[in-house]
Amino acid sequence: MQKFLKFLIVYSFCFVVAIGYATQLGAQTKGVTQRLVVTGSSTVAPLVNEIARRFELAHPEVRIDVQTGGSSRGITEVRHSIAAIGMVSRALKPDEGDLRAFAIAQDGIGIIVHAGNPVAGLGRQQIADIYTGKITRWNALGGTDARITVVHKAEGRSTLELFLDYIQRKNSEIKPHVIIGDNAQGIKAVTGNPQAIGYVSIGAAEFEVRRGSPLRLLPLDGRAASVEAVRQGVFPLSRPLNLVTLGEPHGLARQFIEFARSPQVHDLVEAQYFVPVNAD
Amino acid sequence: MPIDQWLPGILRAGALIALLVMLFILLFLIGESWPVLSKLSIVQLVTDSSWHPLEGAYNLMPMLTGTVLASTGALLLAIPLGLASALFTVFYAPSYLAVSYKRLIELLAGIPSVVFGFWGLTVLVPLINQWQPPGASLLAGILVLTLMILPTVTVTAHAALAAVADELVRNAAALGLSRWGTIQGVVLPAAKAGITAGIMLAAARALGETMAVLMVAGNVVQYPETVFDPVRTLAANIALETAYAMGDHRAVLFVSGLLLMGLIMVLSAMAEALEKQQHV
Chain A
1 MQKFLKFLIV YSFCFVVAIG YATQLGAQTK GVTQRLVVTG SSTVAPLVNE IARRFELAHP
61 EVRIDVQTGG SSRGITEVRH SIAAIGMVSR ALKPDEGDLR AFAIAQDGIG IIVHAGNPVA
121 GLGRQQIADI YTGKITRWNA LGGTDARITV VHKAEGRSTL ELFLDYIQRK NSEIKPHVII
181 GDNAQGIKAV TGNPQAIGYV SIGAAEFEVR RGSPLRLLPL DGRAASVEAV RQGVFPLSRP
241 LNLVTLGEPH GLARQFIEFA RSPQVHDLVE AQYFVPVNAD
Chain B
281 MPIDQWLPGI LRAGALIALL VMLFILLFLI GESWPVLSKL SIVQLVTDSS WHPLEGAYNL
341 MPMLTGTVLA STGALLLAIP LGLASALFTV FYAPSYLAVS YKRLIELLAG IPSVVFGFWG
401 LTVLVPLINQ WQPPGASLLA GILVLTLMIL PTVTVTAHAA LAAVADELVR NAAALGLSRW
461 GTIQGVVLPA AKAGITAGIM LAAARALGET MAVLMVAGNV VQYPETVFDP VRTLAANIAL
521 ETAYAMGDHR AVLFVSGLLL MGLIMVLSAM AEALEKQQHV
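Quick mapping for you: the protein sequence lines, in order, are chains A and B.
Going by the working numbering, the first sequence opens with residue 1, and the numbers climb by one from there.
Going by the working numbering, the second sequence opens with residue 281, and the numbers climb by one from there.
It is worth saying that the hints were derived from the structure and are not from the lab.
Just so you know, not all the hints are guaranteed correct.
[What the hints assert, rightly or not] Below, simulated DSBU-like cross-link-like pairs (lysine-lysine); rule was C-alpha separation at most 30 Å, straight line: (1) B:K472 with B:K556; (2) B:K319 with A:K93; (3) B:K472 with B:K382; (4) B:K319 with A:K170; (5) A:K170 with A:K134; (6) A:K93 with A:K170.
All figures in this text were calculated on a predicted structure; none of them were measured in a lab.
Bound conformation, chain B alone:
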């Protein structure tokens, strides 16, 4: 078979290209943010009074906090909901309902983020505003993000649950375990790795989501005191200001991109560590 001779080469080249793209992005980010990293001290990015780039104040921490809070909030809502709907479709729902429900969730996954943002801006924000002005807030950001990552959590959890070997389930049934006993004692532990991977994927999407959050979160640079306060995320900051930024301002925006990338790296390292722990 000649294919077996050249296939490894092609695959290797493909893997190398993917790796190089990632490496180049990292190098590019470091290169663009170098003017600031070498001139200003990194401490300034933490200790400056606030974010006023045109007045020389470059504190990124409020935005880092905003990013982490919005993503964590969305995960706290999306994980139980997503897991519950995956369990429902795999183990409890009659098959006609399970199929149509799954299609619906897949459709939700395909909706572009601007559409969520637009819906949030015209429906959700005015609604929250009637209750607790100004409406554009951390809460609105969390709710829109939840809608966006819910399908990711559900679809991956569904796949992980469906991939659990049938014998395991049947053996559990033969041992007289109840349905919930089977799920809790056999299926969930077996599907844990897949479910965790899905959650990490969702977390990465939540951290990097830009347009939808930009439209509903209010974008004020501050540490929010309640969920009704507006926040700005790192990704939203880059989208809002890059087009109009020059010099140091522009370089600091690249630093925030670098920070965002670091955050996602930490996340995937955590996923890796979790997986290793499970195999021990």
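So here's chain A without its partners, still in its complex pose:
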């Protein structure tokens, strides 16, 4: 029983210390007067996080809270005014006219294969045939006599939406062998399998290639897949990375969006392997 009492005392002591620390923390953040919640696409979030940190340096009274959960979540929360700004990694759809979009960068989706794969390049129809199971072996495309492993994304991701839009198929027509979540997992799935084909953000893929991963970005419809091609606007599979607001933004949200589109953050955009846009 003595032991139990001792335990109880130590335990309550820890509790008191924790509470004291928490109140201290609360007092420290009192200097912050303005908060901005930004939520949405996990493709855009790392970039916006960097931009937000730079913005906070210039405006110490502002705290910017960057959360992820996909473009769809970004749109829902902006519509419900849970977040002031949403991050959406695609152009807005016609039924989203209540929102205003501001592009902060361009991103391209690249088709990736293992570095040892001899296939020179693919076209839209060939990719559609591979993903719908009409072409199942690499030798039909000038490769080795091996079965193709089709790497696809989980439903709801904007990368998947853009890809399906490009090959003009519905998701139920796709016959995948592996379904992945984020870009990193997709790159791992392809580098570990010489017969695999997948699609990820060009920025992420180019970064991995430069690091020496056994990975190759395939030219698409005769266009080399690179950040440069996306910049010039000639790459067929590319998308804008947008900040969206409900109606016209004003106040802090407007200030932040203007900052995120200004040349002051171009180095941050390039560091994430995206392509900066020129704000007019």
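For chain A, the structure is supplied; the task is to place chain B on it using the hints.
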């Protein structure tokens, strides 16, 4: 003793809190999945063509099958292995070996599941791929799950075996029983309840395991024809899609959470029934 006066109160409050947490989780799951349970018929979750939430098809059965198959496979491998190593350490191994072996198994129990998943993705999946593409498969899921639940089975079986009263063992020896005779006729029946409890614990962990399985099982929604086909488990489905789901899609994901919880309830009811049977 004043302690005896207030101790029952504290204990009762603790038990009540644990119960309430469980109840709230259940209520929350039901509440979140209510939009679907009331609008769509439950039959749809069984009869729809497949799982294409964005196209309104919500068949959960392939994923339920995947979950049950992966867990059953892992249990079939882990139970004999775990039981054998527990028997070995308790009755056959010299003490220095038994101690270090037990430490090793405990270490295995402490490895986070992502580490297993990562190992599976970079080593196991490419290995299976060379043999039977695409590599990411039910088999990979089963093997990774086996590694994860093996320590649970071993450690609990070890504890149950070690807890068998010494007199029983000595009496058996005095009666001239061989070592295997003692184990089979005396020790195993005496330790049965503890071993079964350990197996149920392992089964619950296997059913709910998410990250490791997500990384190696391929996540394609289908009924697997062989162990080399990819599958998606219920837990993996929730992890893959929740962040990007809205409306009905999101609610159905909560239904799959409810289903998973139901599965574990059935399991613990089974454990209870088994135990009762033994006491008769």
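Results of checking the hints against the structure:
| no. | hint | verdict |
| --- | --- | --- |
| 1 | B:K472 with B:K556 | holds (12 Å) |
| 2 | B:K319 with A:K93 | holds (27 Å) |
| 3 | B:K472 with B:K382 | holds (20 Å) |
| 4 | B:K319 with A:K170 | holds (25 Å) |
| 5 | A:K170 with A:K134 | holds (15 Å) |
| 6 | A:K93 with A:K170 | holds (17 Å) |
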